[in-house]
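> Keeping their order, the protein sequence lines are chains B and H.
Note that the working numbering has the first sequence beginning at 1, numbered continuously upward.
Note that the working numbering has the second sequence beginning at 1, numbered continuously upward.
Errors might be hidden in some of the hints.
The calculated lysine-lysine pairs, modelled on DSBU-like cross-linking and capped at a C-alpha distance of 35 Å, are [claimed, not checked]: (1) H:K107 x B:K23; (2) H:K23 x H:K224; (3) B:K167 x H:K23.
Keep in mind the hints are simulated off the structure, nothing from the lab.
Since this is a predicted model, take the numbers as computed values, not measurements.
Number of protein chains: 2
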Amino acid sequence: MANLTAAICVIGDEILSGRTKDKNIGWLADQLTELGIQLTEARIIADVKEIIIRHITDLSDSNDYVFTSGGIGPTHDDITTESVAQAFGVSVERNREALQRLEQHYKGTDIVLNEVRKKMADIPNGATLIDNPVSAAPGFCLKNVYVMAGVPSIMQSMFDGIAPSLKKGTIPTRLTVQCQTGEGNVAHILEQISYKYERVSVGSYPWFKPGQFGTAVVLTGLEKNTVVKAASELCVLVRQSGYEAEDAV
Amino acid sequence: MANLTAAICVIGDEILSGRTKDKNIGWLADQLTELGIQLTEARIIADVKEIIIRHITDLSDSNDYVFTSGGIGPTHDDITTESVAQAFGVSVERNREALQRLEQHYKGTDIVLNEVRKKMADIPNGATLIDNPVSAAPGFCLKNVYVMAGVPSIMQSMFDGIAPSLKKGTIPTRLTVQCQTGEGNVAHILEQISYKYERVSVGSYPWFKPGQFGTAVVLTGLEKNTVVKAASELCVLVRQSGYEAEDAV
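Bound conformation, chain B alone (with noise of 0.2 Å):
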């Protein structure tokens, strides 16, 4: 499938070692899914500035777009700004917009803003900044890399954001077709339909429950009258091989 591209970075040691569980890539997925932009990897990477560098570097070359998230704090570990600055080549810079922001945030409340916390105002030169409708502290965009922050509920604000500036690319059509029987009685036939119709692709799902088991077929393709008559010759053959299938939805 030729469409729009893009890879996800989630940035933290913390989701490496196990104590933080990551909820970003499956999100994320859902939306870049939802906008026809094809997700070709997602990489988990430790808060290193010359891993980031260049796992960053790597990402941006192979992809339209970069997803990242985690590390943009006020604290010491939080070198994601630093390393996307210099896998770029240009500095990192006080931001005035990003300041105010910050300013805005904070008056009226007890919290100062210290000179530890204006860090969060520091934004590479070049980029425009994401807004952070949660807690003020801006995410940036720098060539075709999105930064954001790691808490998910920030992220997602974030994200939805920028979405409607995203490039659409074609929402592939996706089809599942339920086969009550294992997935080694309708190999064969997946396998077919596959071979027959190249754009389509073909993923194969068994489950299990107490009792049942099945195989959930999915027919993907950004052309939607292909995938239907994929889908509705695979339901076809799997009921002539003496299985059922139910229509694909």
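For this one, chain B is given, so just place chain H on it according to the hints.
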């Protein structure tokens, strides 16, 4: 921290499309941490042979262990086995022991061990089998790569089987200090501790509850005494700054 290292590679279009949410990375991260094996990175990649080969080669070269999940079933889209074999330049052959396990598993059921299901007994030359207590079809280990099923219950049962045979690293000491203030107020202390105790990683994780907020500071290192000392010093400094900090746990 010099320690044993591992990478996780989740293989499956269904994760990238968002249809299925990955549960394997978080679970494996916990297990590896408990074994003293440092997870350096995790990747989620597509069911495409060239992509699998490239990532497996890359991760195998740079880690003591690589753990994969997904793509070892009987259908045409299960291409992990042949891809890993090709990454190491070996051929795939029908494995007698694996076939016997499948025969044993299906004996007395109404499931036929047809040619398609026998494909699950195809194993790279020179690989050792990984037991599958759930559904018999084995995973395998080739060089430093452990190839497991994608279904979480099966993957977990496979990993439980191989865990005792893995080399154990030093289990890091991890202490958490809960500070009853925003991270912007303690960031300078965290940085100071991090600078003084080079071998202790100091992570800062702000949290929010209605009407409350605070910062969980996580100190991690291979030398228990040093981590304890760093955590204790951190508590003192936070309290001296006028904020509450719970003793490290």
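> Against each hint, give a clear statement of whether it holds in the structure.
Right, here's what the structure says about each hint:
Between K107 of chain H and K23 of chain B the CA atoms are separated by roughly 41 Å; this puts the pair beyond 35 Å, and the hint is violated. The straight-line distance between the Cα atoms of K23 of chain H and K224 of chain H is roughly 30 Å, inside the 35 Å bound, and the hint therefore holds. Proximity of K167 of chain B to K23 of chain H is assessed by CA-CA distance (about 30 Å); at most 35 Å being required, the pair is judged to hold.
When each numbered hint is compared with the structure, a violation occurs for hint 1 only.
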